[in-house]
Amino acid sequence: MSRLALDDVTVRRGRRVVLDRVSVGFAPGRLTVVIGPNGAGKSTLLNVAAGLLPAAAGTVSLDDRPLTRVPRAELAKRRAYLPQSPRVDWAISVERVVALGLTAHLPAFGGLPATWQPRIDAALARFDLGVLRDRPATELSGGELARVMLARATVGTPDILIVDEPTAGLDPRHALDAARHLRALADEGCTVVVALHDLDLVARIADDVVAVHDGRVSASGAADTVLTEAVLGDLYGVAVRVRRDDEGVAIRFIG
Amino acid sequence: MKGVASRWLVPTLIATLTLLSAASLLAGSVWLAPGTVVSALADPAPSLARLLILEVRLPRLVLALLVGGILGLSGAVLQGLLRNPLAEPGLLGASSGASLGAVIALYYGFSASLALAVPLFGLVGALAAVGVAMALSRNGGTLSLVLAGVAVSTLAGAGISLALNLAPNPYAAYEIMTWLMGSLADRSWDHVVLAAPFVIVGAGLLLLTGRALDALALGERQAESLGIDVNRTRLLALAGTALGVGAATAVTGAIGFVGLIAPHLVRPLLGHRPGAALVPSALAGAAIVLVADLATRLLPGQTELRLGVLVSAVGAPFFLWLVLHVRRTGA
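These protein sequence lines are chains Z and V, in that order. If you count by our numbering, then the first sequence holds residues 1 to 255, one letter each, in order. If you count by our numbering, then the second sequence holds residues 1 to 331, one letter each, in order.
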């Protein structure tokens, strides 16, 4: 159960301000989706929340403790992070890639204890990867690799999961599956933060939504208060229709 | 299958190295029978065989193991760190820095007054070159490190060419050229004593990077997120290479390709995990240098073939195959 909060965070890249005094909180047991147009600062927001990018000003805190004071190993055990379009550079087997998610749990010397093997098997099964277990990760399709990476990120059962565009390249079934897994993790008490472009999927799984535009948070709150025609229209600069019926929410851009 | 291969790889390599080491003590311009070696070593009375083994072949064998081992190890670490199958120890400037240092000692004739001047200068050159590369790439990440290493190597190469160009007499130029070709001939325990501490400390630093290299297969960001200190890893790899490869090059001259080839020989047998490849790469590197050194002694001909020349002559075609293979598999 971990609460992650950004307070007045500013991030600069060279002279450019990428995030401008952003304050936002991510609560345990809730799935927060970060949305916004390309280049809005979503990935930067996720990176800074994961403690991988230093903030030029402001603080990021984990349970009211500044992230910079949390020891590297403890943070790695509690927080999992998955970047956009991840890559594997060597022909390592799928099983070993998933096992890398347990790096922070390794003993000081020696390999992974056998007691962790069931966890790896469960993660492989959860993402439908049983048959790919021994396949080199360099020979996977984009969608298969995305699933391997999700299994890698969740194998250590983190308190906080930060994922950037996990469904890019996934077919509808696996995208839905992935979304469902993220939802299930949040229901189990994990703090889940996801950047997504597919707004229908956002409407389906999100508890809270943070809308980012030009490095600022333009709207945040419960999903149905942010996923409105007015907010989305402003955010993307395109006219939007939001239809809610028994089958869920459908969002259509009509620019 | 893979599990079996990886379990037997290290014992097999150690067995191979033991056999090669024995061969290296027996073979040469004077062949010794195993019995002669044993009795010569057991009998403390000075004899020709005892002298030959203890003062000529044993230091040469130890140096071959040290040099080959550190080259293979450093190659495996750098390929893992840079996530590039074509990386090799010379990339960061350690080898060319050592070469330049040694060439300076030869050029100014320091080697005439002090026997160990060449390796000492080589060591200083290697440390200086990597130090400069490190300073140039501070806070810049891995790419700027590679670029700085290439710049320093090129500069050192220019210095070597300059020394050859301005050599006071043909003999000096010849001396520089032959040193640059790399060799284990005429090396004594003094060379071993000079290089061994640096090689061992360097190897220690390099071996600390194993776990980080595995995580780095996922890229620097993900490795950081898994609790790996990428900057520390980079520093360990750099310092280890500077000390180990620098000292190795300082005593033997430049021996290319070993660091490039050794990791590729063992990696497919280890499921391509970069961290698992470290010790096997070191053993494979030592085996390559031992075989090459044996070959230089045994190949017929009036002049002994230089170790560096032999390794390059065999290594370059392998490199070509590697480029084609990488292009074909995209691995």
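Just so you know, these hints were derived from the structure itself, not from any lab. Small disclaimer: the values here were computed from a predicted structure and weren't measured. Glycine included, every Cβ here is placed at the ideal spot set by N, Cα and C. A couple of the hints might just be wrong.
Beta-carbon label-pair distances, calculated as ranges [as the list claims (entries may be wrong)]:
no., chain 1, residue 1, chain 2, residue 2, range
1, V, 196, Z, 2, 17 to 23 Å
2, Z, 114, V, 22, 37 to 43 Å
3, V, 12, Z, 17, 15 to 21 Å
4, V, 151, Z, 128, 56 to 62 Å
5, Z, 142, V, 196, 47 to 53 Å
6, Z, 63, V, 138, 33 to 39 Å
7, Z, 2, V, 229, 47 to 53 Å
8, Z, 69, V, 200, 55 to 61 Å
9, Z, 58, V, 12, 26 to 32 Å
10, V, 232, Z, 245, 40 to 46 Å
11, Z, 131, V, 12, 44 to 50 Å
12, Z, 37, V, 8, 22 to 28 Å
13, Z, 84, V, 268, 48 to 54 Å
14, Z, 141, V, 229, 20 to 26 Å
Which stretches of chain V does chain Z cover? Using the computed rule of at least three CB atoms under 8 Å from a CB of chain Z, they are [claimed, not checked]:
no., stretch
15, 217-230
16, 272-282
* To do: State the violated hints by number, sorted upward, taking the hints as numbered earlier in the document.
  => 1, 3, 4, 7, 8, 9, 10, 11, 12, 13, 14
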